[in-house]
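Each chain, letter by letter, is given below.
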Amino acid sequence: MTASHELRITRTASPAAPRSIRHALDAFLRTLMLGDERREDIVLAVGEALANAAEHAYESSAEPSTQEVIELHAISTPDGRRIAVEIRDSGRFIERAARADRGFGFRIMRSIARDVAIDTGSGTRVRMTFEA
Amino acid sequence: MNETSSLDVVHLSGELDIERRDSVAAALAAAIPPRPALVDLTDVTYADSTIISELLRFRARIERGGGRIAILVGASRVSRVLEYAGLKDAFAIFADRGSALTFLHDTTA
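Protein chains in written order, with our numbering: chain A, 1 to 132; chain B, 1001 to 1109.
So that you can see chain A by itself, here it is in the shape it has in the complex (with noise of 0.2 Å):
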């Protein structure tokens, strides 16, 4: 696997930060041999998680930190058959009972990619793979 189908990308946690992070991530499968309809799927359900992560880092401080980072790590065989994204947060890990609709951002996320893995200790880290 050569660095050309690797995209590595570290925002501060901002309300903009998922809209740049996806545009990023957008542009990296334009390289691969994806149909439309697959990249923008994709990009939705990455989209869904760095949604995620920009809300904890609004939730875990009073004020958003310019301290906590989003991560996106997505690594791609060369024909694009095989993706595997990673998204981090810094941000503390929150009770969600309150959040009912969140729900909906992970059934999104469980639609579209094969396996969905999610780990949450000091931030959270979300593991999706897409297979064609």
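Hints are computed from structural coordinates only; laboratory data are not their basis.
On a predicted model such as this, the values are computed, not experimentally measured, just so you know.
Note that the Cβ used here is the ideal one computed from N, Cα and C, for glycine as well.
Some hints could be false.
Residues from chain B that face chain A, not an exhaustive set, calculated with beta carbons under 10 Å [said to hold, decoys possible]:
#1 Val-1009
#2 Glu-1015
#3 Ile-1018
#4 Asp-1022
#5 Tyr-1046
#6 Asp-1048
#7 Ser-1049
#8 Arg-1080
Place chain B on chain A using the hints.
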């Protein structure tokens, strides 16, 4: 009576995500039931669950007030997002404006 005289139309466009949540909520707040509401999403290029949640809250508020809502999606991907979220049947979704208006006017007749 012209086509928009008896309903509220909320037109949203671009990328609807967490950054736009407050502006979307403000736009939706302009619709007052029991007038029916048409939410025009034909120019939406991205929408995620953040906005789905706003639409669900909006629908609940309008219906509590005795109104009905129609979602106009055109060729946008919004209906696909709703399907992935398991909410395909939660809204009255239309690809063309004429059908959406017919639906809204029928329910208020």
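Hints and how they fare:
| no. | hint | result |
| --- | --- | --- |
| 1 | Val-1009 | violated (25 Å) |
| 2 | Glu-1015 | holds (6 Å) |
| 3 | Ile-1018 | holds (5 Å) |
| 4 | Asp-1022 | holds (9 Å) |
| 5 | Tyr-1046 | holds (7 Å) |
| 6 | Asp-1048 | holds (5 Å) |
| 7 | Ser-1049 | holds (4 Å) |
| 8 | Arg-1080 | holds (8 Å) |
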